[in-house]
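Protein chains in written order, with our numbering: chain A, 1 to 871; chain B, 872 to 969.
These are computed hints drawn from the structure, not numbers from a lab.
Do not rely on the hints blindly, as some may be mistaken.
[Said to hold, decoys possible] With a straight-line Cα cutoff of 25 Å, these simulated DSS-like cross-link-like pairs (lysine-lysine) come out:
#1 A:K605 - A:K632
#2 B:K964 - A:K675
#3 A:K437 - B:K936
#4 A:K563 - A:K605
#5 A:K705 - B:K964
#6 A:K772 - A:K138
#7 B:K936 - A:K702
#8 B:K969 - A:K705
#9 A:K6 - A:K17
#10 B:K964 - A:K437
#11 A:K194 - A:K6
#12 A:K610 - A:K437
#13 B:K969 - A:K689
#14 B:K936 - A:K700
#15 B:K936 - A:K679
#16 A:K711 - B:K964
#17 A:K531 - A:K610
#18 B:K969 - A:K711
#19 A:K319 - A:K689
#20 A:K319 - A:K259
#21 A:K606 - A:K138
#22 A:K733 - A:K326
#23 A:K69 - B:K936
#24 A:K675 - B:K969
#25 A:K135 - A:K772
#26 B:K964 - A:K361
#27 B:K969 - A:K702
#28 A:K700 - B:K964
#29 A:K772 - A:K700
#30 A:K606 - A:K772
#31 A:K361 - A:K485
#32 A:K543 - A:K693
#33 A:K757 - A:K497
[As the list claims (entries may be wrong)] Each pair of labels, with its calculated beta carbon distance range:
#34 A:G688 - B:F961: 51 to 59 Å
#35 A:K319 - B:F949: 48 to 56 Å
#36 A:K437 - B:F949: 24 to 32 Å
#37 A:P745 - B:R962: 44 to 52 Å
#38 A:L392 - B:L922: 40 to 48 Å
Note that beta-carbon positions come from the ideal geometry of N, C-alpha and C, so glycine has one too.
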Amino acid sequence: MVYVQKLEDTANSNIEKVGGKAANLTQVMAQGFPVPPGFVINTSAYADHLSRLLSPAKSDFKSVSSEAKLIREALMASTLSKDLEKEVLSSHRSLQSERDVPLIYAVRSSATAEDLSGASFAGQHESYYYVTEGKLGKMIKSCWASLWTDAACSYRHAQGIDHLSVKMAVIVQEMIPSEVSGITFTEDPVTGDKSVVVIESSWGMGAAIVDGRVTPDQFTIHRESRAIIKSRISHKRHMVPPSPENPDHIRIIDVPEQKRSAATLSDEQIQIITTHALKAEAYFGCSQDIEWAFHKDSFYLLQSRPVTRSGELRETLPKGQYVLFKPLYENFTDPLLPLSIDLLQMTVDPITFIYGRAYSKIADIRPFVPFKLSDWQLANITYLSSEGIKQLKLSFIKLPLSFFLFFLFYLCFGVFYKRTRNMPDDFMDSFRSKADKVIDDDSVDALGAIYELFFCPSFFEPAGNMVLLANTSAGRSWLLIFLIKYLFNRWLPHLPKEAPSIFTSGDEGILPTQMGRQIAAMALIAGENIKVREIILGVEPSKVMKRLEAEPQATPLLEALEKFMDTHGHRGIKEMEVDSPRWEENPVTVINMIKNYLHDHDAAKKEREKEEKFQQKREYLINEVKAGLDKKPLERLTGIRWKLISFLGNQARYFIKLRENSRYFHIMIFYAVRKKILKTEAEFLQRGKLKCKDDIFYLKWKELKSLDSGKVTYADVEDLIRHRRLEYIRLSKFTPPKTVGITLPPVEKTDHDPDNKVLAGQGAASGTYEGKARVILDPSVNATLKPGEVLVAPYTDPAWTPLFLTAGAAVVETGSYLSHAGTIAREYGMPCVVDVSDCTSLIRSGDLVTVDGTNGKVTWVPHEKPPGETS
Amino acid sequence: MMSIITNTFFFLLGIHLAMQLIADLYRIIDLWYRIEDFLFPIIRSILFYTLIIAMTGWYLDGSAKHAFIWGGLFFSGFHVAIFWISQALFRVKWGRQK
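The shape of chain B in the complex, shown without the other chains (with noise of 0.2 Å):
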C-alpha cells in the first residue's frame, strides 16, 4: 500500500516538473519579443527545473524512479499528443463547416 502511495506521488511530481519545465521553455518563445529583458531569469529557471528533476531522478531508486520518471515521460508525451489532437478536431469540424 505504501509502495502504491510512494509511485504515485513521484509520478505526480515527475508530471509535475515536467509541466513547469515545458512551461520554461515555453517562455522563450512567449517572451522573445523582449529576451534581452527575460533571458537571464528564464534560464536561471530551466536551469533550476533542469537540476530539480535531475537531482530526483539520481536520487531515487527502484520502482519510484521509474514512476517518476514515467510521470515526466508521460506528460510529455500527453501536452504534444493532446494539443494535436484537439488541433485535429477543430480542424476536421472546421471544413466540415466549410
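Okay, chain A solo, but in the shape it has when bound (with noise of 0.2 Å):
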C-alpha cells in the first residue's frame, strides 16, 4: 500500500512519513506494550491529495492567512482519492475481521511539525473520536483541514514554520470500550519529585480524565519500594461510557450512584499501570506522562509523552503592564471559564485577561494618580497594598490632568452618587423582579441579560435596579475610613489599633450577615427535632433532601428552606462563574452548613453570645472615644469633634453595608445569565449541536453562535473544548503573578516566616483567638466546620458567610480589609487576617492556630497524625 500502513510497521515509521505522535506510538508498539491496534495514512497521501487542490502559483505563496480559509473549504469539499479510499476500507477490513462488533475508531492528527523543540503546536490540530466505517473519510479530512485553521496558521507563522513544510498523517485507531481508564506521571507534574508516580483513573473512558470533565481518583506510589503512600478517592460523577448509546447524541452519562465514592482500581492494577509507566520512562529516557485502560481486566497503553508541569505556562503575554484585579480576585481566585471570560470582556472594556484571571490596565490608572509613583508602586496601590510606600509624593504636573479627570467623573455620576446616600436597606429588594423580568424575556440571551442589567437602564430607572453603580458609590467607604483612622490617631493616639474596625462595624441590615442567621436559624428547627437531626447528620449528602422529604416532622425545616430559597436560592460558590452552580438548583450545600450548627448544640447559643460580647465591645469603646474627645478644647461646650467622628462613623457604615447589598443583589445577573446559557445548552443537546454536559462554558461567544446557526458543528469544536479544558486545569494548578510587566522588589514582610510556622498578612478584623484549623478549599465539596474551628481559606466570597458563623476566626489567602471576609468577620465580632500568602497549602485541617487580627500575624503548631492516619 502506498498511503496506508500499519501502526506496528516500524520500517516506515520516521516523523516525515507518518508525523510525530504516530512515529511515536509505533515505537511503544515495537517495545510490546500492548497499544490498540490501528493504521495510519501517511504524508504522502496528504501531500498528494494537497498539490491535486493547488495550483502551482498557488502553493508558492509564503504568507497563508488569507488563504487558509479557501484551503480548508476546498480540503473539506474535495473526495478522496480513489486509491486512498480503497487502501482506508482495505485496512478497515483487516481489523474488523478480528472483531464481531462494528469498530469505533479514534482518528488523530499527525503532523510533522509537532513537538518539534520549541513548538510544540499543543491544541492546534484535531482529533475525533466514535467515528465509525461510514465517517471515516470525513473525519481524515477534518484532520487535515485542522493544519490549516487560523490557531495552525499564526501559530506557525510566530515560529517561523513555512506553512507547505508542515505534513499531515492521520492515526486512525481502535477505541478502546475500557471500563477504566485515566493518566499516570512518572514524576508529580506539580512538584516534579521523582521518587513518586502519580495515577490518575476514573471509571469509562479516558476522555473524561483527559478532557478535565472529573477529578480523578489519585495514587501516589513509592518509585522503589511500589507502595501506594497516597490514595484519593474522589466523588466521581460524571463518565464517558465504554459504549455510548447514540455518541452523536449525548456522550457523557452519570456514573451510578455506588460507584461514585467507590475506588477505581484494585491495587494489583496499580502496580501494572505502574510497572508499564516506568517502562516506558525507561525506553524514552524521560518522566512520561502514559494514557492508559483497562478493558476486559486487560490493559492498553493509549500515548506516551514527556511529562509537562502544570506550573509551565505557554501564554502570550500582551504588551503592557498590568496588575490584579484585586476586587474579583479576592472574591475568586480560580481562573474563569473560556465562556465567561469571553462575555465580561465583550461588555467590559477595561478589564483584560490573564492566564485565566481579571487585571488591570496599569496605564488606564495613572492618569487618575496625582503622585509621583514608580510602576511597582502604583501597581502595589492598585492592588490595595501599602507595601513599598512610605510617603506620597503629589505630582504637580499631573495634578491638573487628574483634577479634570476626576472632575468629568465627578459630572458623569454625581447624581447617581448623591441619590445612593441614606437609603432604607430594601431600596435594592426592586431589583429581584427586573432580574426575573429578564430572565423570563426569551427575546434576551446571555449577552443581552447583561447588557440590560449591568449597563442599560432607563432614564427614569430607579436608583436600585442599578445596582452596579451602587455597588461603585460604596467605593466611597475606603475614604470614610481612611479619615476615621487619621482622626483617631490624631486625637486619640491612645485607643487600640483595632478601634477604627471596631467603630465602623455593627450595622444592622447587611444580607449576606442577615443570610447567615436564617441559616442558624433553619439549624436551630432541625436541631429541635431528633429525626431531623439524624438524617442531617447521618445521611450521605447526596441523599438528605430526599430523606427530609419523606420525613413527616421535616416539614417547618424544609419550608424555612423554601423560604430561604426564594430570598437567597441565586447565591452559590463562585457565582460570577456561570458554570456554577446556584443553592436552588443544589440544596444539599445549605444543607451541609446546618449540618455544621448542628455538631454542637450550643453553637446558635455561643454564637448570640460572641455578638453580645462583641456589641458591648464596641459601646465601650465608643464611650471611650466620647470621654477621650471631651478632653478637647471646646468638646464640652460643642461636641464638634464627636459629631464630626460619629457622622463619619454611620456614613462608613452605610456605604460597607451598601456595598455587600449591591453585591448580593449583582450577583443576581449572573445567575440571569446562568439561566440563560442551560437554557441554550438543553436546546444545544437536544438539537445534537452539543454532546457533552458543560461544554458550552468553554466556547466563547461567537463559537455559539456558529454552532446555532450551523456554520460549525460540534466535530469543528470538540477538540477546541478539549484543549480548553486542559487549559484550564492547567491555569487552575497556576498561582497568577501580581503584576504582568512590572517587576516588584522583594518586600520583606518582618513577621512572614514560614519556617518558623509564622504567616503575615493584613488585620482585618480585630482581636486574637486559638483553636484547630479547618483548611476549606471548596465549601461545595466539604463545607464542615467544627464550631470554635478556625476556617482557613483561598478567598472568599458570600456564599461563605454561613461558614463564619461556626468559624472561631478566619485565615483568608486574598482579601483587604474591606474584603466579604474583613466585613463579614468584623460584623460577626471574630479576629481575621486576610492576603495571607501560601496559608491553605502552609497551614493543614488539625493544626493549632493563633489569629492575631490586630497585628495581621498568624502562628501555627503543627497537629501530629496518629500512626495510620492519613491525609
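Can you join these two chains into the complex? Each is in its own frame, and there are hints to help.
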C-alpha cells in the first residue's frame, strides 16, 4: 500500500512519513506495549491530495493567512482519491475481521512539525472520537483541514515555520471500550518529585480525565518500593461510557450512585500501571505521561509522551503593564472559564484577562493618580496594598489632568452618588423583579442579559435597579475609613489599633449577615427534632434531601428552606462563574451549612453570646472615644469632634453595607446569565449541536452563535473544547502573579516566616483567637466546619458567609480590609487576617492556629497525626 | 483675575446645586415604592434646594449671576446628554456583538 500502513510497521515510521504522534506510538508498540491496533494514513496521502487542490502558482505563497480558509474549505469539499479510499477500506476490513462488533475509531492528527523543540503545536490540530466506518473519510479530511485553521497558521507564522513544509498524517486507531482508564505520570507533575509515580483514574473512557471533566481518583506510588503512599478517592459524578447508546448525541452520563465514591483501581491494577509507566520512562529516557485503559482486565497503553509540568504555562502575554484586579480576585481565585471571560471581555472593556484572571492596565489608572509613583508602587496601590510605600509625593504636573478626570467623573456620576446616600435597606429589592423579567424574556440572550441588567438602565430607572453603580458608589467607604483612622490617630492616639474597625462595624441590614442568621435559625428548627437532626447528620449528602422530603417531621425545616431559597437561592460558590451551580439547584450545600451547626448543641447560643460580647466591646469603645474627645478644647461646649467622628462612622457603616448588599444583588446578573446559558445548552444538547454537558462553558460567544446557525458543527469544536478544558486545569494549578510586565522589588514582611510557623497578612478584623484549623478549599465539596474551628480559605465570597457563623476566626489567602471576609468577620466580631500568602498549603486541618487579627499575624503548631491516619 | 476665580466658583456652585436638585427629584422615583414614608423629607429637600438656587440667582448680579446660571444649565444639559450618549454607545456595541 502506498498511502496507508499499519501502526506497528516500524520500517516506515519516521516522523517525516507518519508524523510525530504516530512515530511515537509505533516505537511503543515495537517495545511490546499493548497498544490498541490501528493504521496510519501517511503524509504522502496528504501531500498528493493537497497538490491536486492547489495550483502551482498558489503553492508558492509565503503568507497564508488569507488563503487558509479557502484551503480548509477546498479540503473539506474534496473527495478522497480512489486509491486512498481503497487502502483505507482494506485496512479497516482487515481490523474488522478480528472483531465481532462494528469497530469504532479514534481519528487523530499526526503532523510532522509536532513536538519540535520550541514548537509543541499543543492544541493546534484536531482529533475525533467515536468515528464509525462511514465517517472515516470525512474525519481524515477534517484532520488535514485542521492544519489550516487560523490558529495553526498563526502559530506557524509566529514560530517562523513554512506552512507548506508541514505535512499531516492521520492515525486511525481502535477505541478501547474501557471500564476504567486514566493517566499516569512518572514524576509528580506539580512538584516535579521524581521519587513517586502519580496515577489518576476514573470510570469509563479516558476522555473524562483527559478532557478534565471529572476529578479523578489519585494514587501516589513510591517508585522504589512500589508502596501506595497516598490515595485520594474522589466523588466521580460523570463518565464517558464505554459504548454510548448514541455517540452522535450525548456522550457523557452520570456514574451509578454506588460507584461514585468507590475506588476505580485495585492494588494489582495499580502495580500493572506503574510497571508499564516506568518501562516507558526507561525506554524514552525521560519522565513520561502515559494514557492507559483497562478493558476486560487487560491493560492498554494509549499514548506516552514527556511530562509537562502544570506550572509551565505557554501563555502569550499582552504588551503593557498589568496588575491583578483585586476586587474580583479576592472573591474568586480560580481562573474564569472561556465563556465567562468572553462575555466579560465583550462588555467590560477596561479588564484584561491573563492566565484566566482579571487584570487592570496600569496605563488606564495612572492619569487618575496625582502622585509621583513608580510602576511597582502604582501596582501595589492598585492592588490595595501599601507595601514599599512610605510617603506619597504629589506631582504638580499631573495634578491638572487628575483634577480634570475627577471633575469629569464627578459630573458623570455625581447625581447617582447623591441618590444612593442614606437610602433604606430595601431600596435594591426591586432589582430582583427586574432580573426575573429579563430571565423570563426569551428574546433576551445571555449577552443581552448582561447589557440589560448591568449597563442599559432607562432614564427614569430607580437607583435600586442600578446595582453596579450602587456598588461603585459604595467605594466611598475607603475614604471614610481612612479619615476615621486619621482622626483617631490625631485626637485619640491611645486607642487600640483595632478601634477604627470596631467603630465602623455593627450595622444591621447587611444581607449576607442576615443570610447567615437565617441558616442559624434553620439549624435551630432542625436541632429541635431528633429525627430531622439524625437525617442531616447521618445520611449521605446526596440522599439527604430525599430523606427529608420523605420525613413528615421535617416539614417546618423544608418550609423554612423554601423561604430561604426564594430569597437567597441565586447564591452559590464562585457565583461570578457561569458554570457554578446555585443553591436553588443544589440545596445540599445549604443543608451542609445547617449540619455544621448541628455538630454543637450550643452553637447558636455561643453565637449569640459572641455577638453580644462584640456589641459590648463596641459600646465600650464609643464611650472611650467620647471620654477622650471631651478632654479636647471646646469639645464639651460644642461636641464638634464627636459629631464629625460620629457622622463619618455612620456614613462608613452605611457604605460598607451598601457595598455588600449591592454585590448581593449584582450577583443576580450572573445568575440570570447562567439561566440563559443553561437554556441554550439544553437546546443544543437536544438538537445534537453539543454532545456533553458543561462543554458550552468552554466555548466563546461567537462560537456558540456559529454552532447555533450551523456554520460549525460539534466535530469542529470538540478538540477545541478538550484543549480549553486542559488549559483550564493547568491554569487552576497556577498562582497568577500580582503583576504582569512589572517587576516588583522583594518586599520583606518582617513577621512572615513560614519556617518558624509564622505568617503575616493584613489584619481585617481585630482580636486574638486560638483554635484548630480547618482548611476548606471549596465549601460546595466539603463545608464541614466544627464550631470554634479556624477557617482557613483561599478566598471568600458571600456564599462562604454561613461558615463564618461557626468559625472562631478566619485566615484567608487573598483579600483586603474591605473584602467580604473582613466585612463579615467584623460584623460577627471574630478575628480575621487576610492576604496571607500560601496559608492553605502551609496550614493543615487540625493544626493549632493562633490568629492575631489586630496585628495581621498567624502562628500555627502542626498537628501530629496518630500512626495510620492518612491525609 | 479675581473675577475669573469668582465666576469659576459660581459656575461650579451652579453645577453642584443643579446636581443636588436633580438627585432630589430622582429620589421621588427611587423611593416611590415607599413614597408615603419619604414624601415629606423629599419635598422638603427639593424646596430647600430650589429656594437656595432661586435666592442665589436672585442675589447675584453681573457675570457671577451668569456663571451661576450657566453652571446649572450646563450640568442639566450634560446630565441628559451623557446618559443618552453612553446608552447609545452601549447599544451600538451590543448590536455589533449580536
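Worksheet item: Which numbered hints are broken by the structure, listed smallest first?
Response: 1, 3, 6, 7, 11, 12, 14, 15, 17, 19, 20, 21, 23, 25, 29, 31, 34 and 35
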